[in-house]
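Protein chains: 2
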Amino acid sequence: MFPSHIIDLAEKLQKICIEKKLKITVAESCTGGLIGGLITSIAGSSEIFERGFITYTNQAKGEILGVPAHIFMAQGAVSDECATAMAEGALTKADADLSVSVTGIAGPSGATATKPVGLVHLAVARKGLNTYNECHEFKGDRTDVREQAVESAMKLLNKVAEL
Amino acid sequence: MFPSHIIDLAEKLQKICIEKKLKITVAESCTGGLIGGLITSIAGSSEIFERGFITYTNQAKGEILGVPAHIFMAQGAVSDECATAMAEGALTKADADLSVSVTGIAGPSGATATKPVGLVHLAVARKGLNTYNECHEFKGDRTDVREQAVESAMKLLNKVAEL
Chain D
1096 MFPSHIIDLA EKLQKICIEK KLKITVAESC TGGLIGGLIT SIAGSSEIFE RGFITYTNQA
1156 KGEILGVPAH IFMAQGAVSD ECATAMAEGA LTKADADLSV SVTGIAGPSG ATATKPVGLV
1216 HLAVARKGLN TYNECHEFKG DRTDVREQAV ESAMKLLNKV AEL
Chain S
1096 MFPSHIIDLA EKLQKICIEK KLKITVAESC TGGLIGGLIT SIAGSSEIFE RGFITYTNQA
1156 KGEILGVPAH IFMAQGAVSD ECATAMAEGA LTKADADLSV SVTGIAGPSG ATATKPVGLV
1216 HLAVARKGLN TYNECHEFKG DRTDVREQAV ESAMKLLNKV AEL
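Sequences listed follow chains D and S, in order.
Every position in the first sequence, counted from 1, becomes a number in the numbering used here once 1095 is added.
Every position in the second sequence, counted from 1, becomes a number in the numbering used here once 1095 is added.
FYI, nobody ran anything at the bench for these hints, they're computed from the structure.
Some hints here could point you the wrong way.
Mimicking DMTMM-like on lysine to aspartate or glutamate, the simulated pairs with C-alpha atoms at most 20 Å apart in a straight line are [unchecked claim]: (1) S/Lys1254 - S/Glu1229; (2) D/Lys1110 - D/Glu1246; (3) D/Lys1250 - D/Asp1175; (4) D/Lys1115 - D/Glu1158; (5) D/Lys1188 - S/Glu1145; (6) S/Lys1107 - S/Glu1257; (7) D/Lys1188 - S/Glu1242; (8) D/Lys1234 - D/Glu1246; (9) S/Lys1222 - S/Glu1142; (10) S/Lys1118 - S/Asp1103; (11) D/Lys1118 - S/Glu1158; (12) S/Lys1118 - D/Glu1158; (13) S/Lys1188 - D/Glu1145; (14) D/Lys1116 - D/Glu1257; (15) S/Lys1110 - S/Glu1257; (16) S/Lys1188 - D/Glu1257; (17) S/Lys1107 - S/Asp1236; (18) D/Lys1222 - D/Glu1242.
The shape of chain D in the complex, shown without the other chains:
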């Protein structure tokens, strides 16, 4: 279901997390569950994954992950600030060691004057460390944007898991 280079990243992540006893969680907006689906595609994933959150609307991001309302008003849901609050909220709610969040505009609709289709903000939070952010402008259609978001999320997770 997932391309092999993305499955490789998930396998690598699982190995690191088992070795370091890190529990992962996910807070997904535009990827809608794909990252959780990918992490759990690797046999043995229950050793590192316990729960995840699909928060598609602002209301869900607020109620489930505790993203404060002022972020939606000031920076919007597709922003570093929102991605950070999602990842840090998920870490707490899941009592995990490592979390990733993705919030972006997968298209074809949803673009604004300042935020184009393909704009995706990611954050990876890890207990005891500062949260890492990335911002991408992916090209392609809805499926391409989401797949690139999943791939970037896995790369950033691997990087922070290895620290």
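Fit chain S to the supplied structure of chain D, relying on the hints for placement.
Same frame as chain D, now just chain S:
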């Protein structure tokens, strides 16, 4: 990312749900987010999907969806009773009109004397109706089992959405 016959089911579901103004949510165990990922792969999904829950462990099923502990002890997490409690819990927690739950043994490990790899229980709950259950014994590897679970979930969702 998903096979075209499964995407067709998701498109059909979206059309029905938009027409009938039904909001969907998901409560995923062994599929780990794939159903949410599939529903949101169709452009316009924000009209019908607001949030979803990936509950991989019993603890997550209990804490997030309110599955009562006696079900894990009496029938186990892979059972009609658990699938029903997951789907009905998700419906309430998300304030949705329609929900699907999936709980099963994707393998290669996890089988017991009475529950083989490939055993998957599904439930679809809809506001005001009795919850529908299905139980399957899927063949194939972990990926095959999960993909068949996603397909069955979409078929059952479509059936209940059409009522």
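So, going through the hints one by one against the coordinates:
no., hint, in the structure
1, S/Lys1254 - S/Glu1229, "holds (12 Å)"
2, D/Lys1110 - D/Glu1246, "holds (17 Å)"
3, D/Lys1250 - D/Asp1175, "holds (17 Å)"
4, D/Lys1115 - D/Glu1158, "violated (31 Å)"
5, D/Lys1188 - S/Glu1145, "holds (19 Å)"
6, S/Lys1107 - S/Glu1257, "holds (10 Å)"
7, D/Lys1188 - S/Glu1242, "violated (29 Å)"
8, D/Lys1234 - D/Glu1246, "holds (14 Å)"
9, S/Lys1222 - S/Glu1142, "holds (18 Å)"
10, S/Lys1118 - S/Asp1103, "holds (19 Å)"
11, D/Lys1118 - S/Glu1158, "holds (17 Å)"
12, S/Lys1118 - D/Glu1158, "holds (17 Å)"
13, S/Lys1188 - D/Glu1145, "holds (19 Å)"
14, D/Lys1116 - D/Glu1257, "holds (12 Å)"
15, S/Lys1110 - S/Glu1257, "holds (10 Å)"
16, S/Lys1188 - D/Glu1257, "violated (35 Å)"
17, S/Lys1107 - S/Asp1236, "violated (28 Å)"
18, D/Lys1222 - D/Glu1242, "violated (27 Å)"
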